[in-house]
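Protein chains: 2
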Amino acid sequence: MGKAQSRYKGTGMSEEISDLVTMATMLVETTPIALARGAPSLDIIDVDGLKAAAQAALTIDPERTLGYGSAAGYEPLREWIATCHGVKPEQVIVTNGSMQADAFLFAALVGRGDTVVVESPSYDRTLKALSDQGAHLRALPLEPDGLDTQALAAVLESGVTPALAHIIPNFQNPAGYTLSQAKRTQLLDQARTYGFTIFEDDPYIELRFSGERLPTLLSQSQNDEVVYASSFSKTVAPGVRVGYLVGSTDIIEQITQLATAAYISPNMVAQSMVYQFIESGAYDRSIDKVNAALSARVDVLASSLQEKIPEIAFTKPLGGYFMWVTFPDDVDTDKLATKCSDLGLAVVQGSNFMLDKARNSLRLAFSAVGEDHIVEGVERLGRALNDL
Amino acid sequence: MGKAQSRYKGTGMSEEISDLVTMATMLVETTPIALARGAPSLDIIDVDGLKAAAQAALTIDPERTLGYGSAAGYEPLREWIATCHGVKPEQVIVTNGSMQADAFLFAALVGRGDTVVVESPSYDRTLKALSDQGAHLRALPLEPDGLDTQALAAVLESGVTPALAHIIPNFQNPAGYTLSQAKRTQLLDQARTYGFTIFEDDPYIELRFSGERLPTLLSQSQNDEVVYASSFSKTVAPGVRVGYLVGSTDIIEQITQLATAAYISPNMVAQSMVYQFIESGAYDRSIDKVNAALSARVDVLASSLQEKIPEIAFTKPLGGYFMWVTFPDDVDTDKLATKCSDLGLAVVQGSNFMLDKARNSLRLAFSAVGEDHIVEGVERLGRALNDL
Numbered sequence: 001m002g003k004a005q006s007r008y009k010g011t012g013m014s015e016e017i018s019d020l021v022t023m024a025t026m027l028v029e030t031t032p033i034a035l036a037r038g039a040p041s042l043d044i045i046d047v048d049g050l051k052a053a054a055q056a057a058l059t060i061d062p063e064r065t066l067g068y069g070s071a072a073g074y075e076p077l078r079e080w081i082a083t084c085h086g087v088k089p090e091q092v093i094v095t096n097g098s099m100q101a102d103a104f105l106f107a108a109l110v111g112r113g114d115t116v117v118v119e120s121p122s123y124d125r126t127l128k129a130l131s132d133q134g135a136h137l138r139a140l141p142l143e144p145d146g147l148d149t150q151a152l153a154a155v156l157e158s159g160v161t162p163a164l165a166h167i168i169p170n171f172q173n174p175a176g177y178t179l180s181q182a183k184r185t186q187l188l189d190q191a192r193t194y195g196f197t198i199f200e201d202d203p204y205i206e207l208r209f210s211g212e213r214l215p216t217l218l219s220q221s222q223n224d225e226v227v228y229a230s231s232f233s234k235t236v237a238p239g240v241r242v243g244y245l246v247g248s249t250d251i252i253e254q255i256t257q258l259a260t261a262a263y264i265s266p267n268m269v270a271q272s273m274v275y276q277f278i279e280s281g282a283y284d285r286s287i288d289k290v291n292a293a294l295s296a297r298v299d300v301l302a303s304s305l306q307e308k309i310p311e312i313a314f315t316k317p318l319g320g321y322f323m324w325v326t327f328p329d330d331v332d333t334d335k336l337a338t339k340c341s342d343l344g345l346a347v348v349q350g351s352n353f354m355l356d357k358a359r360n361s362l363r364l365a366f367s368a369v370g371e372d373h374i375v376e377g378v379e380r381l382g383r384a385l386n387d388l
Numbered sequence: 001m002g003k004a005q006s007r008y009k010g011t012g013m014s015e016e017i018s019d020l021v022t023m024a025t026m027l028v029e030t031t032p033i034a035l036a037r038g039a040p041s042l043d044i045i046d047v048d049g050l051k052a053a054a055q056a057a058l059t060i061d062p063e064r065t066l067g068y069g070s071a072a073g074y075e076p077l078r079e080w081i082a083t084c085h086g087v088k089p090e091q092v093i094v095t096n097g098s099m100q101a102d103a104f105l106f107a108a109l110v111g112r113g114d115t116v117v118v119e120s121p122s123y124d125r126t127l128k129a130l131s132d133q134g135a136h137l138r139a140l141p142l143e144p145d146g147l148d149t150q151a152l153a154a155v156l157e158s159g160v161t162p163a164l165a166h167i168i169p170n171f172q173n174p175a176g177y178t179l180s181q182a183k184r185t186q187l188l189d190q191a192r193t194y195g196f197t198i199f200e201d202d203p204y205i206e207l208r209f210s211g212e213r214l215p216t217l218l219s220q221s222q223n224d225e226v227v228y229a230s231s232f233s234k235t236v237a238p239g240v241r242v243g244y245l246v247g248s249t250d251i252i253e254q255i256t257q258l259a260t261a262a263y264i265s266p267n268m269v270a271q272s273m274v275y276q277f278i279e280s281g282a283y284d285r286s287i288d289k290v291n292a293a294l295s296a297r298v299d300v301l302a303s304s305l306q307e308k309i310p311e312i313a314f315t316k317p318l319g320g321y322f323m324w325v326t327f328p329d330d331v332d333t334d335k336l337a338t339k340c341s342d343l344g345l346a347v348v349q350g351s352n353f354m355l356d357k358a359r360n361s362l363r364l365a366f367s368a369v370g371e372d373h374i375v376e377g378v379e380r381l382g383r384a385l386n387d388l
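Protein chains in written order, with my numbering: chain A, 1 to 388; chain B, 1 to 388.
Looking at chain A on its own, in the form it has when it is part of the complex (with noise of 0.2 Å):
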């Protein structure tokens, strides 16, 4: 037997191969992992998919793909939405993202000044957006069924109509909740009786793992109480920059016309690739592989971390991209975040979603990362944890 070959033998390692193991594992843990943005890993996007959708848009339907259209958006995907959600076209401006549409949507119906409820914690994006517009935010709490509507109901009752309530029905972001359906009656209630609008804000609501879909708050408004907004982001694609705003005519033509002084229409390209990736079924079968892959994900998330940080508080989310942690309240998750940050671990602290700045939660996001990558981050946050 040569050299070579008796490396290979007996339960010793050569010198040779415990370097490559040592090196393997000092490669593993300091390879970054993010369990912090809400975005996609490549291997749940259906490339091929697009490549064929792209082709579909170019050769179907060039001229509508190619020219400037119209501010509501590309007219076939439009109206694919509107029977979606059981109304009319008029009813649907398509826009590039949903962060768009909630920009149109707060430039026309939030003043300076005006009240506007919030979920504690909720997404930081959009709580600097209305900043940015200059409303008054009034935080309450987000519970594991949802807003905490007697807290509303009291904030109504002491005389406050807000000019908005924004809410996050399905597997919120950052808590990973959903709204129950008592509490979505309830909300339709106040917001008739006091008349305000719902912004019900609901780009998760098909990556639901178990359970049932609960009707949306549009389809069970009777008054145009509700202003509805999804994206393609998290069932296509966040590059195609695709999301919509559901309300009534009026308020999507006053958006309309913003959308149109903004950047005269969205981008046609993208919104005839979501559509021809729609009508190929590339859509249904790119949701079941998403969510197939998410919810092995989070199995995998809260199993471990119920094995390596059992002090660590949880509710775990039947649908989405993100799971909200809770420490015990000495910790604080600033310091923590920091911690994980120079162990190569990306976690969002609690403080960033919230508006009272608590500080013993964190948000954990299981949409960028593969399985290993999870277990070997909840290992990188044990560590910083007890490095605190």
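There may be inaccurate statements among the hints.
One copy or two, either will do: identical chains are not told apart, so a pair holds if it fits within one copy or between any two.
Only pairs whose alpha carbons sit at most 25 Å apart, straight line, appear in this in silico SDA-like list of lysine to any residue [said to hold, decoys possible]:
#, residue 1, residue 2
1, K289, T59
2, K335, D148
3, K51, Q150
4, K51, S180
5, K289, E63
6, K183, H85
7, K289, D61
Don't read these hints as lab results, they were simulated from the structure.
Use these hints to put chain B onto chain A, whose structure you have.
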């Protein structure tokens, strides 16, 4: 000889053929002809090149094409633009069309009540965007060699310092005029001396049919006195909605923050497609094709106008999409545009582009129609004028 054959003999047409000719003539006469909108006809868009670009984008760089990326835009396109203009990538932001770039620039630089110098006539959407921003517009005459810089000197000497001067230097919309080098030098001197920013709005620069390109104001500036905007709407396709700004690192950083808040990131799919379209060589071929077509169209437009409506005055543009035509003083082009519309011809009355509502000019766009439609369009314009 049978009856069928006899129909094709001799000089007289049979009744059936005569009917067909009448029908065809009616069809031509009632086909809507648009000399109104500044948009390219589909035949001068390289659809196949864009199909190949979409495949390349999704094959070569799926991760950045489909991800969120940065609000500054798709990095390789940003770098390509920076190289074109001899600046650093940090001086470029790629946006969802150049109107969106304008809106960010105005939000950053123009406060309510600030004076902004504009050309008269000028692009109606820009005038509206500036007015919406609360700017006080100071319209100065546009001459065949560009802005009346003597008039600007008088304004500056009177003690008015504008925040911005908006200039469309090449093949201006709506006039088709180009700013001379002598006036470029004067304008830069004025900006330096009086401390205002020149907004060089240059979407038509690549569409030159004859003569030599003049250096951009940006390339001749010394101390960040110019912010430059352009677009791929005219050289690739409007539906890609890709425009950009070039300026100082500071202003681009400030605008990137506005863009982040507005839409997180612009359309990466479209920007990656545009980049691959450029890389493949299709971009240069597309510009050649567009210019050959536009040059032929403007020749037909000019000769048809000279032949059919000799009382009309115009300066034949050396590039771009638009020709500005002026009628005798007593012709009201608001009324003329309505007459044209009755005859199935869309034109835009000059008053849309003027703050002082001069009434005897029209903008004719030769971008969206073939040569035969231009001939027929001029026929209708002549008829409308006679009917007035």
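Status of the hints after comparison with the structure:
{"no.": "1", "hint": "K289 to T59", "result": "between (27 Å within a copy, 20 Å between copies)"}
{"no.": "2", "hint": "K335 to D148", "result": "neither (29 Å within a copy, 61 Å between copies)"}
{"no.": "3", "hint": "K51 to Q150", "result": "neither (49 Å within a copy, 55 Å between copies)"}
{"no.": "4", "hint": "K51 to S180", "result": "neither (39 Å within a copy, 46 Å between copies)"}
{"no.": "5", "hint": "K289 to E63", "result": "between (32 Å within a copy, 18 Å between copies)"}
{"no.": "6", "hint": "K183 to H85", "result": "within (21 Å within a copy, 56 Å between copies)"}
{"no.": "7", "hint": "K289 to D61", "result": "between (28 Å within a copy, 22 Å between copies)"}
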